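S.K.: This note's numbering puts the sequence shown at residues 803 to 1038.
Any given hint could be a false lead.
Per label pair, the in silico range of CB-to-CB distance [as the list claims (entries may be wrong)]:
#1 822 / 1020: 18 to 26 angstroms
#2 961 / 875: 16 to 24 angstroms
#3 928 / 810: 36 to 44 angstroms
#4 852 / 1037: 34 to 42 angstroms
#5 828 / 939: 29 to 37 angstroms
#6 1009 / 816: 38 to 46 angstroms
Straight-line distance between alpha carbons at most 20 angstroms, and here's what the computed DMTMM-like set of lysine to aspartate or glutamate pairs gives [as the list claims (entries may be wrong)]:
#7 925 / 956
#8 979 / 1027
#9 951 / 939
Please keep in mind that the hints were generated in silico from the structure rather than gathered at the bench. Everything numeric in this text was worked out from a predicted model, so none of it was measured. A virtual CB, placed ideally from N, CA and C, is assigned to each residue, including glycine.
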Amino acid sequence: MITPEAFEFMAQLQLNNNKAWFDENRKRYEKLIRDPLKHLALSLSPMVQVLVPSFDGKPKISRINNDIRFHKDRPLYKQHMWIAFGRGPGAPFFVISENGWSAGCMLEGEKQDFEHWRENLVKHTDRWRSFRDAVPEGVHAYLGDNPYKKPLMDSIPDDVFDLVQARQVILHTNDRKSFMDTPEPEIFAEIALMLPGHFFMSTPAADLERVLDELDETNSPPNEDVARVWDAVKSS
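Take the sequences, apply the hints, and build the full model.
M.R.: Structure (structure tokens):
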């Protein structure tokens, strides 16, 4: 299982981001990072597939090596290791870094992949605010570099303007460095917590309210925090 030693390894790797150090510590990487992520991917996939029907049950685990063929300025090894449960807009993920672990959903790729996300933020801003404010410790957003400067839509509310203009969006829960005795239920609950974000990214605006209103009709919220978040987006 993932332990605090995994986060320590990721921190040490950032201070020693070179092939010689990594080769010396490859066995630690396999024991602390690679093998636990493989186990988590297999054990979490059936649970996530029920929660996210668009997920085909085939998770993807990131490589530790950065692709530096066209980006010579990148370090050799990544700062994060993740499991992605799907490849389309809003794919849920679990990620670890030196800061700990978190879960969320992500959106990157071609401009048309952002169509639902942007329209939902503008047409259903109140539902977005209810989701954002209901998540314990808030929704953390990484928006990448080089956002669009010219407004992409008319009348974008100020508090979602940066989200609408972004070329990459990664939403995630607060980083933490500990697990309960069995990590899978806790990770699954964090993915469920961020499920409204997934639907904002992947659902046509005409269907979003119905999808959010039906959140708990086919799935039971795994804990009280998730229940509060799902209720908040339904009642807004």
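S.K.: Give me the numbers of the hints this structure contradicts, sorted from smallest to largest.
M.R.: 1, 2, 4 and 9
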